[in-house]
Structure formats: structure tokens, C-alpha cells
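**Student:** Chains as they are written, first to last, in the numbering used here: chain Z, 1 to 384; chain V, 1001 to 1073; chain F, 2001 to 2047.
These aren't lab readings, by the way, just hints derived from the structure by calculation. On a predicted model such as this, the values are computed, not experimentally measured, just so you know. Treat each hint with caution, since some may be false.
As the list claims (entries may be wrong) - Below 20 angstroms or equal to it, Euclidean Cα-Cα: the simulated PhoX-like pairs (lysine-lysine) are:
1. Z/Lys-190 <-> Z/Lys-40
2. F/Lys-2033 <-> Z/Lys-280
3. Z/Lys-202 <-> V/Lys-1057
4. V/Lys-1026 <-> Z/Lys-202
5. V/Lys-1026 <-> Z/Lys-40
6. V/Lys-1038 <-> Z/Lys-40
7. F/Lys-2038 <-> V/Lys-1063
8. V/Lys-1063 <-> Z/Lys-341
9. F/Lys-2038 <-> Z/Lys-202
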Amino acid sequence: MDVFIDALNSLGQGFLNLTWQSGIMISIGCLLLYLGIGRKIEPLLLIPIGFGVVLGNLPLANLAAQDEGGVINLLYNTGILTEIFPVLLFVGLGAMIDFGPLLANPIVLIFGAAGQFGIFITLLLALGLGFAKQEAVSIAVIGACDGPTAIYVASKFARDLLPAVSIAAYSYMALVPIIQPPIMRAMTTKKERAILMPPGEKHVSQRVKILFPIIAGILTILIAPMGAPLMGMLMLGNLLKESGVVSRLVDVSENTIANTVTLLLGLCIGASMLGGNFLKWDTILVFLLGFIAIFMDTVTGMLLGKLIKVISKGKINPLLGAAGTSAFPMSARVVQKEGQKANPRSFLLWHAIGANAGGQIGSVMAASVMLAVMSGLGIGPLGG
Amino acid sequence: MSRETIEVPITGKIISVEVKVGDAVKEGDVICILESMKMENPILAAVSGTVVEIGVKAEQVVKPGEKIAVIEY
Amino acid sequence: MDWSFGLTMTAAGMAVTFITLYLLTLLIRLLNKLFPFKNEEEKKSKT
């Protein structure tokens, strides 16, 4: 009889070990699930993340990313701490991205640099608020508007902030269509937004499309070797696509690999959001600073847009500056919409996609430089 | 009466046509939806007037410069 | 706070990003000069 009671006892243990923090986190997980399923906001990310949060916070389940030897812990150690997941995502990203508009009109590449300024303003702010250097760099990279880059940098330097940083990066990417337009309108007159640019697609030779990822990959990696895993994979993905002879590999990269990794990445990130490391003041600060980062990216992008409008004697629509963030293709779409709102004849999409692809390269470059400076100064990961 | 021709701005596929010949449209109304670069883009009426001609139909693959619609105003 | 760290990072980051992207625009121009688009399969460009 005693054996029977002992056996029953172990069944109820979960309820007895439930803390209020895990209760809150499980509710947050359910909220994410509701947003993903009920409101259809980024379901591909929110469902794995939301369920990961629920699983990770259930007591005794041994499914938190930090639970030594647990299944999710194994995935987390091999996929995220080694940076394999974010790097693999970049192959898919490269296969999806079309550098065509950028190659046809290379001047828009410059917008991709201006769209990264928010990263560094946020870095200064985070340092000012007393974050350690490693944490400040990880928070600032939210301004790259790029989930995998943010995860890559944060997992390298500040693992405690990884859940907050990655959730902030992905949420703000999704919120780009809401965050950017008011800034774009505030910084331009209707007349500027209405500037027409010939929508015409210019063609580039297939040879250029093939040579670009190879030569640009070599050049950028020689300049900033620390970013090689990201840049290398991005260019590899793009080369697979443009080569035109390995459609099977392109298909695997942009579908199978990207989807598998997104699922596992989401699950691991979710399961690493625990009461202890998420329910704290720093998380709110991370979200706040991340917002400033994307806000400032847009502002500096627009400022450059206005400058280039003047230099080009009014031929370039300043809205394109906002597409310099690497939220691909959200920013390009926002630019297209705002341009069309100001002038129904306007069709900026082609140019905006070019600037947006430039932003993708720009954000990887900015992250690579940060990694290079960190290693140059001999600053390693926080807390081992 | 003047005529305004709306042309295809970018290579893509027409998803749907939202107006028919004889419809009165206002500036900014959606004429059709064009899918390009994996995005659905509305093509808008540049002037207020009457649709007198439509050059595309749903599912049609289009190239820049092709005629989408003519509006008389 | 460590201003010198933050400012070094900002200056290096923006400078290198800008210069690299500028170099890439030059590279693209060069590639387009070497291999101009020759209406490889179809003649369609009107504008």
C-alpha cells in the first residue's frame, strides 16, 4: 500500500513545485500562442517560442534550455551556443534575397549603411545605463533589425540577455510596418514623398549576379573576418540561387533548412525564457533600447535619404532611406506603401528592395565590425 | 476628355482585378493587385474618372509597360 | 561608463560599414561595365 502512495505522490509533484514566476511565464507563453494562432502574428515564430516558454517553465519537466542534459538543453547547447542555428538561417536568407535591384542601381547600397546608425546610438545609451560592454553590444544589435544576427551576437557575448534580445529583435522586425511610417511622414513633406522614380527594372547580366556574391563575400570577409560565418553563409545562399544549376539546394536552403532551424530556434529561445532571467527590469530596458535602435535607424536612414535627394537634384525619393534597415522585405514594403499614398502613380518597390538588400549587407557588416572590435579589445563572453 | 493609361510598373502576376469597364473610380482606388517579388502590391488609380478599358485579367503574368487600364476623366 | 569604448565602436562601426558598402557599389559598377546586360534571351527593355 505504501508503495502505491509513494508512486501517486510523485505524480502530483509538478503542482507542488509550481512557483508564481513559472506561473507568469506560462501565461506569457500562452499569450504568445494566442498572438500566433488567434491573431496570426508571425505564427512561424510565435508558436514554437510560445510553446517553448510553456515547456521550459513547467517544473520538474527538465525542458528548460538551461536544464543540464534535458532534450531542449541539448538542442540549445548544440544549436544556439555554438551559433549553428543563426548561421544556417543565413543560407536560407541568402537564397531568398534578390540582389538584382541592388546590382542594377548600386547607389541604393549606401542606404544600407545609414540604416545601421541606430545600432551604435543604442550601444552608447546602453553603456550609459550601466550595462556591461558585452550586454550593450548584444542589445544594440537589435537595431540590425535582423533576428539571426541578434541571436548570433547575443549568444556569443551575453547569454542571459539572449531571450530578451531575440524576442525584441523579432517583435520589432514584425512591427516595422507600424514603427516606420510615422517617422517617415514626420521627416518629409508630402511633395518629397511624392517624388516619382522610374519604376523600370534594369536588367543585369547573369554573370554579374553570379560574380557578386563570390567577390563581395571575399572582400567583406577580408575586411571583417569576424563576421565571416554570417556573411559567408548569406553569400553562399545567394550564389546557390543565382548559379541557376542547383535548384535542389536552393529549395532545401530556403524551405527545409530555414523551416527546421526556425522551429528548433524558436523552441530553444522560448525554453530559455525563465522567470528568473526574464522577469526583471533589464528585460524592459532591452525592449526600450531595442525600440530606440529601430527608431534611430529609420531617422538616420531618412536623413541620408534627404541628403541624397538633394545631391541627386530631386531624382531620388528620400523615403528610400527608410528601407536601409535590414527588416527584409518589410521596410521595402513600407516605403512602397508610403510612396503610393503620397502619389498614386508612385511605385518605389524595385528601388526599395535594392536599398533593403543593402541594409541586409549593412547590418551583417556592422555586426562584424562590432565582433572585430570586441575581439581586438580582448573582451570575451560575459560570465564564461 | 483626357485619358490616363495605367501601366504595369514591375514584372509580376496579376492576382485580381478590382474594377470593370464603366466603373467610376476615385484617385487612389485599387485597380488591381499585382504580385511581384513575393509581395502583393495594389495598383492605384492615378486620377478620378471612369474606367474605359482594362488590359489584364487575374492570373496573367505581366511585364513592365503593359497596359493595365485606361481611365477617362 | 566607458565612453572611449562606445565611441571607438561607433566610429569604427559606421566608418567601416560605410566604406565597405561604398567599395561594393564600386565593385558592382565595375562588374556591370565588364559584363553589360546584353538582352541575353529576349529584347524587352523599353525605357
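**Student:** List, from low to high, the hint numbers that the structure doesn't satisfy.
**Tutor:** As far as the earlier hints go, 1, 2, 3, 4, 5, 8 are violated by this structure, in ascending order.
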